[in-house]
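Protein chains in written order, with my numbering: chain A, 128 to 252; chain B, 128 to 252.
Just so you know, these hints were derived from the structure itself, not from any lab. Be aware that one or more of the hints could be misleading.
One copy or any two copies: either way a pair holds, since identical chains are not told apart in the list.
Here are the computed lysine to aspartate or glutamate pairs in the EDC-like style, where the Cα-Cα straight-line distance is at most 20 Å [said to hold, decoys possible]:
1. K250 with E174
2. K250 with E229
3. K250 with D219
4. K250 with E147
5. K250 with D208
6. K250 with E129
There are 2 protein chains.
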Amino acid sequence: MERRAMILFAHGARAASWVEPFERLRALTQARLPGVAVSLAFLELMEPRLPQAVAGLAAAGVTQLTVVPVFLGQGGHVLHDLPLMVAQLRLDHPHVAIEVAEAIGENAGVLAAIADYCVGAGKPA
Amino acid sequence: MERRAMILFAHGARAASWVEPFERLRALTQARLPGVAVSLAFLELMEPRLPQAVAGLAAAGVTQLTVVPVFLGQGGHVLHDLPLMVAQLRLDHPHVAIEVAEAIGENAGVLAAIADYCVGAGKPA
Chain A
128 MERRAMILFA HGARAASWVE PFERLRALTQ ARLPGVAVSL AFLELMEPRL PQAVAGLAAA
188 GVTQLTVVPV FLGQGGHVLH DLPLMVAQLR LDHPHVAIEV AEAIGENAGV LAAIADYCVG
248 AGKPA
Chain B
128 MERRAMILFA HGARAASWVE PFERLRALTQ ARLPGVAVSL AFLELMEPRL PQAVAGLAAA
188 GVTQLTVVPV FLGQGGHVLH DLPLMVAQLR LDHPHVAIEV AEAIGENAGV LAAIADYCVG
248 AGKPA
C-alpha cells in the first residue's frame, strides 16, 4: 500500500521563534493534504534534521516522499547540500521514492504574494 | 518634497544564483510602486549591504524609507541584527524616516501562497 509523506525542508536557526511561520505553513498544508503526513525538517541548528526525519518516515512505512525546499533563494544549500543528502537518503532507504520539488522562491504564485505584501507595505498610510 | 524608497532586505548567499527570485520580486514590486525607488540590500555575502544602500538613498534625497525583511522566519537576523542596524541608520541619516515592515513570513497571504504551492507539490502526478 502506498503511504505518502511530505517534508517541508527549511534552514533552521538558533532562535526558537524562527520556526513559527514554518509551523503555520505545515499546519496549513497538512489541513489540505489529509492523506499525506506533512512534517518539518531542517538543514542545521534545529531538529529533526532531514536524514533523521526521513529515517522515521521510512520506519513508519512511507513509500512516497516529497521534499519541498522552503527556501526563497537557491544557493549552496538547495543546489549542493540538499541533492547530496537526498542521494544518500535514496541509498539508505531504497523502498522510499523521494521526490524533490522546486524551491518555493521559484514559484510565480509565491513571488506574487510576497510582492503583494511589499506593495502594501510601501503605500503611504 | 517627499521622496520615497523601499529596500527589500534579504540574507545574501555565496552563490550568485541565490539572488534571482529576489530580483524578480524587486521588479514585480517596482512595477506596482512607480513613485517609490525599490532596491535590494543584504545582510551579508552580497552587495550592497543595508548601510551602504541607505547611505546611497539618503544622498539621493530620499526622505521616507520602508525596509521589508524578506525573511520567512524571524530569528536573530530579523529580531536582533536588523533593529540594531536600523537604530544606527536613524542616527546616521536623521532626515530619512525609516520604517521597518514585518517579515514576509508573518503575512497570512504569503503563507497561504506557499501552502498552495506545497499542496500542489504533494498531489499525485
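If you check each hint against the structure, which ones fail?
-> Of the numbered hints, 1, 3, 4 and 5 do not hold.
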